[in-house]
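Listed in order, the protein sequences are those of chains A and B. Under the numbering used here, the first residue of the first sequence is numbered 1, with each subsequent residue one higher. Under the numbering used here, the first residue of the second sequence is numbered 1, with each subsequent residue one higher.
There's no promise every hint is true.
Straight-line C-alpha distance at most 25 Å; calculated SDA-like pairs for lysine to any residue [said to hold, decoys possible]:
1. Lys162(B) with Gln126(B)
2. Lys321(B) with Lys625(B)
3. Lys410(B) with Phe45(A)
4. Lys25(A) with Lys625(B)
5. Lys244(B) with Ile14(A)
6. Lys201(B) with Thr19(A)
7. Lys41(B) with Val511(B)
8. Lys52(A) with Lys130(B)
9. Lys25(A) with Lys240(B)
10. Lys254(B) with Ile14(A)
11. Lys497(B) with Gln126(B)
Per the computed footprint, the stretches of chain B lying under chain A, defined by three or more beta-carbons under 8 Å from a beta-carbon of chain A, are [as the list claims (entries may be wrong)]:
12. 366 to 373
13. 398 to 411
To be clear about the criterion: a stretch of chain A counts as covered by chain B if any three or more of its residues have a C-beta under 8 Å from a C-beta of chain B, and this derived list gives those stretches [claimed, not checked]:
14. 18 to 25
15. 28 to 34
16. 40 to 46
17. 49 to 58
Rather than coming from a laboratory, the hints here were simulated on the basis of the structure. Model, not experiment: these values are computed from the prediction. Note that beta-carbon positions come from the ideal geometry of N, C-alpha and C, so glycine has one too.
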Amino acid sequence: MTLDQLSLGEVAEIESIETDKLPLKLIEMGCLPGNCISLIQKAPFDDPLYLKVDDSYVAIRKETAQYIHVRLKK
Amino acid sequence: MSNSLNVALLGNPNTGKTSVFNRLTGLTQKVGNYPGITVEKKEGVCKLNNTTKAHILDLPGTYSLNASSMDESFVIELLLNKNSKDFPDVAVLITDVENLKRNLLLYTQIKDLEIPTILVINMSDQMKRKGISINIPLLEKELDTKIALISTRENKGLDELKKLILNYRQLSCKPILKLSTIDKDYFLNLEKTFPQQSLYKLWLVITQDVNFAKIDRKRVSDSTDFKTQSESYLKRLQQKETVKRYQFINGTLKKGLNIDRDAAKDFRSRLDRILIHKFWGYIIFFAILMTIFQSIFDWSSIPQDFIDSSFAALSESVKTKLPSGVFTSLLAEGIIPGLGGIVIFIPQIAFLFLFISILEETGYMSRVVFLMDRGLRGFGLSGKSVIPLISGTACAIPAVMATRNIENWKERLITILVTPFTTCAARLPVYAILIALVIPQGSFLGMNYQGLMLMGLYLIGFLMALLSAWILSKTLKINSKSYFVVEMPNYKFPLLKNVAITVWEKTRTFVTEAGKVILAISILLWILASYGPGDDFSNAEQIIYKINPELKGDNLDNKINSYRLEHSYIGILGKAIEPAISPLGYDWKIGIALISSFAAREVFVGTLATIYSVESNSEETIKNKMASEVRSDGTPLFNLASGISLMLFYAFAMQCMSTLAIVKKETNSWRWPMIQLFGMTFLAYIVAFSTYQILA
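The shape of chain A in the complex, shown without the other chains (with noise of 0.2 Å):
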C-alpha cells in the first residue's frame, strides 16, 4: 500500500520511495525503505499529512505520499 492509504495513528514501515518523484529533501529527513512511519494529524480534506519519519516530524501533501510504498507493522 501507499502511505497516503494509512490510518490515524497507524505505524509502518517504508518498503520502497520512488526517488526520482520524491524531493531530495524528504529522503535526507530519514524518508528511507527501512525506517519507521507514521501518520500523527491529516489536516481537513485528508491533506496534507502529518507524519513522523523516523525520528523527524514533517508534514507533506497527499500527492507527494502517494509515491512511497509502505508495509504496515504488527
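Assemble the complex: chain A is given as a structure, and chain B must be docked to it using the hints.
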C-alpha cells in the same frame, strides 16, 4: 597584537542556531545583504581571549548541502570558495539534541569538504526530561572532531565552545564518507580526470546548480564521462549517498546515544491535538490574529499620541529659540515634522515584529502552514505562503524574501505578486490618522468602530491578495513540480533574548531605511514648498492685502501663507494633477502626498505635516491640522467619503519603490514588478473612485 579568525555557524533550521549566534555576539551583530543577492548576511564579533577575536557569520539554515533553495545554494557557494573573504577557518555546526540523527547528515557533508568542523549539541537542558544520554568522548572519536555540549537557554557551555574555536587548528580535516563506496566506476573515473580536486567538491559541482569560483563548472560537465549520466541516474546516486551517510550515523549513534523513550513526556502531541484540530485549530489561529491586530491599535495609541505632541512642541521650540532664517525654517517645517511622521509608528512596528517573532520562535508558525495549505492551494498558493502573508503585515520586503522556501515556482511567484496587498506597517500611520479623523467614536458588540475599521482594512487586503492569487493561478501558464515538505518543530518557549534582538534589529533597520527616504523627501518638499516662480509667489503679501484689506494678524498671515503655497513649485505640481484626483475626493495637497508616497507609503503623513507647517505658523498636532482643512464650500476636506476613498487607495496601490526593487531581484525580471505597479495602482484608482462617488 590582535588576531582574527572566521567562523561560520551552520545547521538545520530550528536547532537554535540564531540563539547561539546571539549568545556569542550579543549586540555587536549587524544584518545586511550579500552584495548583489538578497540572502541576509548576519555577522558579529566574539572575543575569544585577550588577543584573538572571532568574526562570526550566521549562515542561513540548511538541511543539507543538496540545495533546494536560494539560501541553501548560497551556503554551498560560500563553503566551496576558498578565496572569499568570508570563507571560514572553522565551521561550527549547531545540532539539537533531539534531532541529532538528522542534523548529523549535514555534519558529515561539511566534514567531507575538508573544513575543520566543531559539533555543537544544543538544548542539553532537554536531555534529562527526554531521557537522553550521550557518550561525548565516544562520539568525538567516531565523528573525528571535538564536541561542545551547550544550552543556549541556560547559557551553559559557551565558554568551552569558545575554547574549541580558539584551538581549531587541532581539529582533523579528514573526510568521513568514501564516495567510491557509492559507485566505484563513476567516482574512480571522476577522480582520475580531476586528480587535483577533492572528490566531494567535484560531486557537489556536478549535482548542484550553483556558481563556483574556483572549479570550472563547465569543464566538469563537458568532460563526456559525467555529462552522459542522466538526471535520474545522478539522483539515484544522491539517494545512495544519503543512505550511506545514514548508515554511518546510525552506527555511530547506536554506540554513543541512548534514549529512554519512556521518560519522554509528550508535550508535543498534547499541544498538537488542540492547535491543529480540524475545527479548534482554525478558531485559535483567527483568535490569535484578532488579538494581535486589536492590541496593535490599542497599545500603540498612548506612546503615539505622546510622540505626536512632542514633535509638534519640538518644532515650535526650535522656531522660538533659534534665530529665524532659512536653516531654522527648514528644520522646524521640513525635517522635524518629516521625522515625526516616521517616529510616530515605531510602537506599532515594534509590536508587530514582537508578535511575529514569538509565533516563529514557538514553532506555531509551522502548524499554521499545515492548517492552511489545503485551503490556500485552491487560490494557487501554498501553506508556506502564510508566512509571507503574515509577515507582510510588518513589511513586504522581508515577506517577499520569506517566499524562498516555497519549493514550487508558480506558487512562489504568485505569493510574491500578491504579498504587497497585505497591510504593511507603512500603511498603518496613514490608516491610523485617517480613521481617527473620519470614523466616529463608539462601539459595536464591545469592539470600537475605529478598531473594526482597521480590522476591516486588514481583511480587505488579505481578501484582495487571495482574489488576485486565484486570478493569477488561472491565467499564468507555468508548469512546475509541486514539492511541499515542512518540518514540524518541537514547541518551545520563546527565548526572550532572541525575541528582543529580532524586534530591535528589524525596527531599527526599518526606521533608519525609511528615515533616510523620508528625510530626503521632506527636505525636497520643503524647498519646493518654500520657493516658487513668478510674481504670485514673491508678491503674495501685496496681492492678499489688496484683495482683503480688512484682514489682520494671524488671519492675514495664514491667508498669505496659503496663497504663497498655492503658487510655489509644489503648488503648481499639485494643481496640475488635481483634475485626475478630484473625482476621488482629494485636493492638490493630498495629491502631493500621493506622489511622494510612491517612494514609500509612510511618507504620506510626513508630507502633509510638512505642507501644513509651511502654510501655518501655529503649533498644532498633525491630526488637528488635517481636521481643520476645509474645501472651498467650507466642509471639512477629510470626511467619511474622502477618508475611506483614500484608505482604499492606500490599501491597493503599489506605492513602495523598495518592494519593487526586491521583487525585481527575486524574480530576476522587471516584468513582474511592473505588473504589480500598474495593475495594483489601476485597481486602487478604480476602487477609490467608485467609493467616493457612491459615498459623497
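Results of checking the hints against the structure:
Taking the CA atoms of Lys162(B) and Gln126(B), the gap is about 22 Å. The hint holds against a cut of 25 Å. Note on Lys321(B) and Lys625(B): the hinted pairing holds, with a Cα-Cα distance of about 23 Å set against a maximum of 25 Å. For the hint linking Lys410(B) to Phe45(A), the alpha-carbon distance of about 23 Å falls within 25 Å, and the restraint holds. Taking the CA atoms of Lys25(A) and Lys625(B), the gap is near 58 Å; set against the 25 Å cutoff, the hint is violated.
Among the hinted pairs, Lys244(B) with Ile14(A) is consistent with the structure: their alpha-carbon atoms are about 17 Å apart, no more than 25 Å. For the suggested pair Lys201(B) and Thr19(A), the alpha carbons sit about 23 Å apart, so the restraint of at most 25 Å is met. Of the supplied pair hints, the one linking Lys41(B) and Val511(B) holds, its CA atoms being roughly 19 Å apart against a limit of 25 Å. At roughly 17 Å between alpha-carbon atoms, Lys52(A) and Lys130(B) fall within 25 Å of each other, so this suggested pair holds.
A hinted pair counts as satisfied when its Cα atoms are at most 25 Å apart, and Lys25(A) with Lys240(B) qualifies at roughly 14 Å. For a cut-off of 25 Å, the pair hint linking Lys254(B) to Ile14(A) stands: about 21 Å separates their Cα positions. Pair hint Lys497(B) plus Gln126(B) holds up; C-alpha atoms about 19 Å apart against a cutoff of 25 Å. With a cut-off of 8 Å between beta carbons, the stretch 366 to 373 of chain B has 5 residues touching chain A; three or more are needed, and the interface restraint holds.
With 1 residues having a Cβ less than 8 Å from any Cβ of chain A, the stretch 398 to 411 of chain B misses the three-residue criterion, and the hint is violated. Proximity of the stretch 18 to 25 of chain A to chain B, defined as three or more residues with a beta carbon under 8 Å from a beta carbon of that chain, is established by the 5 residues found. Residues of the stretch 28 to 34 of chain A with a Cβ under 8 Å from some Cβ of chain B number 4, which satisfies the need for three, so the listed coverage holds. For the stretch 40 to 46 of chain A, the proposed coverage by chain B is satisfied: 5 residues have a C-beta within less than 8 Å of a C-beta in that chain, meeting the threshold of three.
Residue count for the stretch 49 to 58 of chain A with a Cβ under 8 Å from a Cβ of chain B: 6. That meets the three needed, and the coverage hint holds.
The structure shown violates the earlier hints numbered 4, 13.
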